[in-house]
Amino acid sequence: MHPLLLSALIQIESHGNDLARGKHGELGALQIKPIMVRDVNRIMGTHYAHQQVTNRAVATFIAHAYLSHYGRNLSDESLARIWQGGPKAISRSSSRAYGRRVMRKLSSLEINQTTARK
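Counting in my numbering, the sequence shown runs from 1 upward without gaps.
Take the hints with a grain of salt, since some may be wrong.
[Said to hold, decoys possible] Pairs of lysine-lysine, DSBU-like flavour, derived with a Cα cap of 35 Å:
(1) Lys33 with Lys88
(2) Lys105 with Lys33
(3) Lys88 with Lys23
(4) Lys33 with Lys23
(5) Lys23 with Lys105
(6) Lys88 with Lys105
Simulated from the structure, these hints should not be mistaken for lab results.
With these hints in hand, go ahead and build the complete structure from the sequences.
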């Protein structure tokens with residue numbers, strides 16, 4: 001997983017707002033749904049509550065655990081598609097646009113990071 005992928009997802013999902021709330025129960029900068037928290041708790045043996053995802057450290061832990069579990073050996077674009085639509089999203093054409101959008105944001109973040117170093 002590219003080190004800036006979660007940053008790109010955060011920008012796409014909430015523009016960096018840790019207190020963001022979605023209309024379908026999503027919370028935090030990464031717009032995490034309750035089912036994802038339950039899934040990561042099952043996978044990792046953790047006990048996070050959905051409300052904790054407004055904490056950026058908790059949200060990124062959950063995102064990393066989720067994508068590492070369901071996206072082994074996949075491209076960053078495929079990981080983005082899984083983020084948006086769950087583990088089966090890479091087989092659905094409806095997630096392609098989201099994957100491309102995240103990749104454009106990732107590219108832009110890479111360029112900004114490179115420019116900042118100069």
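Could you work out which of the previously given hints the structure breaks and list their numbers from low to high? Result: no hint breaks.
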